[in-house]
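Engineer: Here is what each chain is made of, one letter per residue.
There are 2 protein chains.
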Amino acid sequence: MAIASLTALLAFSCKESAGEVQAIFPRGELGAAENFTGNAWNTPLVDNDTTYNTLVGNVYFEPGARSNWHIHPAGQILIITDGRGYHQIKGQAKQVIKKGDVVQCPPHVEHWHGASPDFGMHQLYILPKTEKGIVTWLQKVTDDEYNSQ
Amino acid sequence: MAIASLTALLAFSCKESAGEVQAIFPRGELGAAENFTGNAWNTPLVDNDTTYNTLVGNVYFEPGARSNWHIHPAGQILIITDGRGYHQIKGQAKQVIKKGDVVQCPPHVEHWHGASPDFGMHQLYILPKTEKGIVTWLQKVTDDEYNSQ
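These protein sequences, in sequence, are chains Y and D.
Numbered according to our numbering, the first sequence spans residues 1 to 149.
Numbered according to our numbering, the second sequence spans residues 1 to 149.
You may find that some hints are simply not true.
Note that identical chains are pooled: a pair holds if it fits in a single copy or bridges any two copies.
[What the hints assert, rightly or not] Heads up, simulated EDC-like pairs for lysine to aspartate or glutamate below, C-alpha to C-alpha not over 20 Å straight-line:
{"id": "1", "residue 1": "K90", "residue 2": "E131"}
{"id": "2", "residue 1": "K129", "residue 2": "D49"}
{"id": "3", "residue 1": "K132", "residue 2": "D49"}
{"id": "4", "residue 1": "K129", "residue 2": "E110"}
{"id": "5", "residue 1": "K132", "residue 2": "E110"}
{"id": "6", "residue 1": "K90", "residue 2": "D118"}
{"id": "7", "residue 1": "K90", "residue 2": "E145"}
{"id": "8", "residue 1": "K129", "residue 2": "D47"}
{"id": "9", "residue 1": "K132", "residue 2": "D144"}
{"id": "10", "residue 1": "K94", "residue 2": "D144"}
{"id": "11", "residue 1": "K132", "residue 2": "E34"}
{"id": "12", "residue 1": "K99", "residue 2": "D143"}
{"id": "13", "residue 1": "K94", "residue 2": "D143"}
{"id": "14", "residue 1": "K90", "residue 2": "E29"}
{"id": "15", "residue 1": "K140", "residue 2": "E62"}
Just so you know, the hints here were simulated from the structure itself, not pulled from any lab data.
Note that the coordinates shown come from a computational prediction; the quantities given were computed from them, not determined experimentally.
Generate the whole structure from the sequences, applying the supplied hints.
Structural biologist: See below:
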């Protein structure tokens, strides 16, 4: 019994430390409530400047958290580094995304992204050609939209 | 003794599964021997096009592996997602880099990057403004340069 308990305890500890959602970056700052539903934590990694004209950062979406609908004037590249979530382009089906996936959203196209209900998601975002602008925030993603198949 | 052995075994398994060099992407293709010393595995993530003008990929450098000296006409952004390694800009000291670090190398500046001798390194690379060009490969990084403090 002692060995069985010990095994269970260590297996649990191991699972926790090797959990699927592994942070590479610090948690960062909580995203503004008017632009996100639930908790989304933003860590800026590369500031906008005239040398690279590229903005890079990491967002950790807690389970159930998602962005509002929004538009990037020069498009956006997302790289999912851990966890599971969704990406949806207006007028298309919601896409399930997970660790290792890469998503591209073209310029001036309305989209949203966020975590699955039961699992958080870490995503790097890359905004190219920032001389064209960064983001225009739009309406909330409703529960019906979030839960759609 | 049985419990101690079990504890050691599980602790070892746990360490292995939560090891510091965790792959997010497939290993990819081996980099050309004329541009790299040792094994560097490249996984393209975003191809160059006229919409984003941004090239993105992942390189896994095995321990001791490094790029040649090279130049990017519009600069480069590196994001270290796991492991440990080095980045050096010509004329500056070699910089130690590790998981979570972000490195920017300006346009037309000679640099190299690679893994530490004992630990591999996973790095995302972002090349902005690809209309200006991608890369010019130069000479090998000598062992003296690689081992310099």
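Engineer: Of all the hints given earlier, name the ones this structure violates by number, lowest first.
Structural biologist: 1, 6, 9, 11, 12, 14
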